[in-house]
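Asks: Given next are the chains, with one letter for each unit.
2 protein chains.
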Amino acid sequence: MSLLITNAVLDDTSVSIMIDREKITAVYQSDSIQPVFKADTVLDAAGKVAVPTFKNGHTHAAMTLLRGYADDMKLQPWLEEKIWPAEARLTGDHIYWGTRLAALEMIKTGTTFCNDMYFHFPQAWKAYRDSGIKAAVGPAIIDHMNEERTDQILTDLKEKFSEYSGADEKLIFSPAPHAVYTVSEKTLRRIADFCREKGLIVHIHLSETEKEVNDCIAAQGMRPAEYLDSIGFLGPNVIAAHGVWLNDREIELLAEHQVTVVHNPVSNMKLSSGSCFRFGDLNANKVPMMLGTDGCSSNNNLDMCEEMKAAALLQKHHFLDTELMSADEIFSIATGGKTRIYPNISSNIKPGDYADLLLIDPNHYKMVPNFNTISNLVYSCGEEAFDTVICSGEILMQNREVDDEDTVIEEARRCARELVSE
Amino acid sequence: MSLLITNAVLDDTSVSIMIDREKITAVYQSDSIQPVFKADTVLDAAGKVAVPTFKNGHTHAAMTLLRGYADDMKLQPWLEEKIWPAEARLTGDHIYWGTRLAALEMIKTGTTFCNDMYFHFPQAWKAYRDSGIKAAVGPAIIDHMNEERTDQILTDLKEKFSEYSGADEKLIFSPAPHAVYTVSEKTLRRIADFCREKGLIVHIHLSETEKEVNDCIAAQGMRPAEYLDSIGFLGPNVIAAHGVWLNDREIELLAEHQVTVVHNPVSNMKLSSGSCFRFGDLNANKVPMMLGTDGCSSNNNLDMCEEMKAAALLQKHHFLDTELMSADEIFSIATGGKTRIYPNISSNIKPGDYADLLLIDPNHYKMVPNFNTISNLVYSCGEEAFDTVICSGEILMQNREVDDEDTVIEEARRCARELVSE
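So the protein sequences, as listed, match chains A and B. Quick note: the first sequence uses my numbering, first residue 440, plus one each step. Quick note: the second sequence uses my numbering, first residue 440, plus one each step.
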């Protein structure tokens, strides 16, 4: 399967982009001598601007079913009275359609990859396969600090690893121990060993709240990142969500181990997580980074374009520095350009890269005038200007149309009703 | 001219809405005994959700021409090297098309009113008239603290008042002295007297930066709101933009005089204005409020839906209180429900109100599931879900189409090129 995109604009130059299966094989100027390619499909971009797609570094995709179910509440009542009771009713069917709804929204908003942590992952896996986007997904692991559960968890993990790892080109099997306060040391150590042995990426929450830090100091005599380091958990295969309460020593440890830290500004603000993602210091220390939306119940969408603006504004507000986190910097982070953890995504448009492309309408009013495409993407325009989304060479959206949209919405509505009425 | 909207959803009930000229005359349930109305136009809303439109409390509309021209810079170099030199080239033609581009964006994003402060206001006035939205607009006044200019300014103001005030039902003639640091005491006093005498609304910047406060204390021995009070400027006809550095006494003064304060969270964050709009205290003191986008060069769009989310997130982050500024509260502010300053806008959908309506597609994926329409509007969805915009009974957008869109974009592009290349 090959795809030739003609008349796209890349860095202010009119180009054609040749894609063979999942990768870009050639990029050439429209007014140069034309190579002869026989492509299965030719897509005339008609002057649309090509940029890399967004990569969502941290979400709980199927929580999209709980969008708008409960907002503006204190953290504990919100969790205990609303979110957890609804989640207790989740079935595999709900996860499937909730993840399909999430994937639909991600495609519409220009995202072709997400790192997901939620229940019933095999149904999420199936949903990603059916939607066509790429994802890192695997069992979310919680043992409630009970080390008697470690053996069973590892047995399950190995089983799932055999079944899923490498089973789909677009999907990465990635275990997700929830956090230092929900998973015991023994389980964390065993997961870390297993993942290192098998070359797996591992996804965890880290330093989201002050309580997490204080509880960790009380229990372990160390801050969360120090504790994870002390038990051999940290490494370049670790992706850690939030990182808003990190101190200097923790930033050094994350840099040393090249852990990818995921910033989730909207969720952090909505949940009043306090402090702030120390972008300047993390960046100066060359800590790999991604941007994420977190789940829909604390956001309440999966729109990475909106998340970029929130990130840049939050840095400027919190640290009182208008120059901090420029449009170019956050765009690079949001498209996956500041991490190498996932081997099957691309944040560039050049030969050899995965063909993860977004085509934007330069005539959308929020793109006018067009002084700077990246500034417009970060600070002005949104999904309405996004015309076409290509994920590993596959066209997932064209002219804003995505397959199965009506079915996904209808089924997601049914699932949401079941979740809150049962 | 009358308009009957059938099959709209209002507060979860299917209704018809009858509009006679600019106002709503009847709202009745779809399944009730049907009154017989002879409407000139019938619009089948087909299940779309009706909500009040947004009202933008503070903007510099034609600055939309400078969208993305310069970002992520320190305030002074940004103003001195980029914004001011470009503004110095502004002609009436630029203002007209810049304001048309702004109005196009406002219509598309569900806004039917804005309070505008910028140069060459007669051209902006004409642009609003041609676009169909409502606005408060008038001369932006700066005398660079030179009281010798006061008489000429007042002569001009009176002339413009005679020509414009009451000249258009949708447009409010509203003088805009820029700020306490750009307009002398004498001019401010004379403007205040004139506006009070003529019943005019007056628009000013207030307490945007710490420097403004410190300079005012140095010059006047008082903080900006105290100073404006001391010279008899404050009153219920005053609308003051920003108010991020107010102390308790200033909040009391604004409450006492029922000054409307406009919150511009995105601009405040992008420019690192510091401190924060004290929503909780202003609200407890019953200070009238609006939400605004500020100009496009510090935002970079005019999207009030996005601004609502930024406002709610900023309060929760800055004051560490998840319950502060609920979705319902910011929606009420953003639709004009927390001020009475403008007589020709409406924040409700009931008989007697101005017909300022937005019809939203409930089947848009960001509206799914539909647990709470207002939560979805504030935290999840955006313009893409907005189908129809009605301003004072006139349909300005239907099926997302707005008159003259291509012409406006083409002319705005031309103007933007002229601004930066001359």
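If you're looking for bench data, these hints aren't it; they were derived computationally from the structure. A virtual CB, placed ideally from N, CA and C, is assigned to each residue, including glycine. It is possible that part of the hints are untrue.
As the list claims (entries may be wrong) - Once the Cα atoms are required to be at most 20 Å apart in a straight line, the calculated EDC-like pairs of lysine to aspartate or glutamate come out as:
#1 B:LYS637 to B:ASP595
#2 A:LYS637 to A:ASP687
#3 B:LYS513 to A:ASP760
#4 A:LYS513 to B:GLU636
#5 B:LYS650 to A:GLU762
#6 B:LYS650 to A:ASP760
#7 B:LYS521 to A:ASP607
#8 A:LYS650 to B:GLU762
#9 A:LYS521 to B:ASP595
#10 A:LYS521 to B:ASP767
#11 A:LYS513 to B:ASP595
#12 B:LYS521 to A:ASP767
#13 B:LYS513 to A:ASP607
#14 A:LYS521 to B:GLU762
#15 A:LYS789 to A:GLU461
#16 A:LYS650 to B:ASP760
#17 B:LYS521 to A:ASP590
#18 A:LYS565 to A:GLU520
#19 B:LYS625 to B:ASP607
#20 B:LYS513 to A:ASP590
#21 A:LYS513 to B:GLU520
Stated by the list, open to error - Computed beta-carbon distance windows for the label pairs:
#22 A:LYS513 to B:GLY713: 22 to 30 Å
#23 B:GLN659 to A:SER453: 37 to 45 Å
#24 A:ALA657 to B:GLN468: 35 to 43 Å
#25 A:SER469 to B:GLY486: 41 to 49 Å
#26 B:GLU691 to A:THR846: 33 to 41 Å
Asks: Compare the structure with each hint and give your call.
Replies: To see whether the hints hold, each was checked on the structure:
Pair hint LYS637 of chain B plus ASP595 of chain B holds up; C-alpha atoms about 15 Å apart against a cutoff of 20 Å. Simply put, LYS637 of chain A and ASP687 of chain A have alpha-carbon atoms about 31 Å apart, too far for the 20 Å limit, and the pair is violated. A distance of roughly 8 Å separates the Cα atoms of LYS513 of chain B and ASP760 of chain A; the hinted pair therefore holds under the 20 Å criterion. Of the pairs offered as hints, the one joining LYS513 of chain A and GLU636 of chain B is violated, with about 49 Å between alpha carbons and a cut-off of 20 Å exceeded.
For the suggested pair LYS650 of chain B and GLU762 of chain A, the alpha carbons sit about 19 Å apart, so the restraint of at most 20 Å is met. Among the hinted pairs, LYS650 of chain B with ASP760 of chain A is consistent with the structure: their alpha-carbon atoms are about 15 Å apart, no more than 20 Å. Annotation: proposed proximity of LYS521 of chain B to ASP607 of chain A is violated, straight-line Cα distance about 51 Å (limit 20 Å). Distance restraint check for LYS650 of chain A and GLU762 of chain B: the Cα-Cα separation of roughly 19 Å lies within the 20 Å cut-off, and the hinted pair is therefore satisfied.
Note on LYS521 of chain A and ASP595 of chain B: the hinted pairing is violated, with a Cα-Cα distance of about 60 Å set against a maximum of 20 Å. For a cut-off of 20 Å, the pair hint linking LYS521 of chain A to ASP767 of chain B stands: about 19 Å separates their Cα positions. Note on LYS513 of chain A and ASP595 of chain B: the hinted pairing is violated, with a Cα-Cα distance of about 54 Å set against a maximum of 20 Å. Restraint check for LYS521 of chain B and ASP767 of chain A: satisfied, since their Cα atoms lie roughly 19 Å apart, inside the 20 Å limit.
Between LYS513 of chain B and ASP607 of chain A, the direct Cα distance comes to roughly 48 Å. Violation of the 20 Å bound is thereby established for this hinted pair. Between LYS521 of chain A and GLU762 of chain B the CA atoms are separated by roughly 15 Å; this keeps the pair inside 20 Å, and the hint holds. Of the supplied pair hints, the one linking LYS789 of chain A and GLU461 of chain A holds, its CA atoms being roughly 13 Å apart against a limit of 20 Å. Between the alpha carbons of LYS650 of chain A and ASP760 of chain B the distance comes to roughly 15 Å, so the proposed pair stays at or under 20 Å and holds.
For the proposed pair LYS521 of chain B and ASP590 of chain A, the alpha carbon gap of about 63 Å is over 20 Å, so the pair is violated. A threshold of 20 Å between alpha carbons decides the hint, and for LYS565 of chain A with GLU520 of chain A the separation of about 30 Å lies outside it, so the pair is violated. Simply put, LYS625 of chain B and ASP607 of chain B have alpha-carbon atoms about 30 Å apart, too far for the 20 Å limit, and the pair is violated. Under the criterion of a C-alpha separation no larger than 20 Å, the hint pairing LYS513 of chain B with ASP590 of chain A is inconsistent with the structure, at around 56 Å.
With a CA separation close to 45 Å, the supplied pair LYS513 of chain A and GLU520 of chain B exceeds the 20 Å bound. Checking the proposed 22 to 30 Å range against LYS513 of chain A and GLY713 of chain B shows it holds: the Cβ atoms sit about 27 Å from each other. Roughly 58 Å separates the CB atoms of GLN659 of chain B and SER453 of chain A, a value that falls outside the hinted 37 to 45 Å. The hinted window of 35 to 43 Å between ALA657 of chain A and GLN468 of chain B is violated, with their beta carbons roughly 58 Å apart.
Checked against the hint of 41 to 49 Å, the pair SER469 of chain A and GLY486 of chain B passes, with Cβ atoms roughly 45 Å apart. Range check, GLU691 of chain B to THR846 of chain A: about 57 Å between beta-carbon atoms, so the 33 to 41 Å window is missed.
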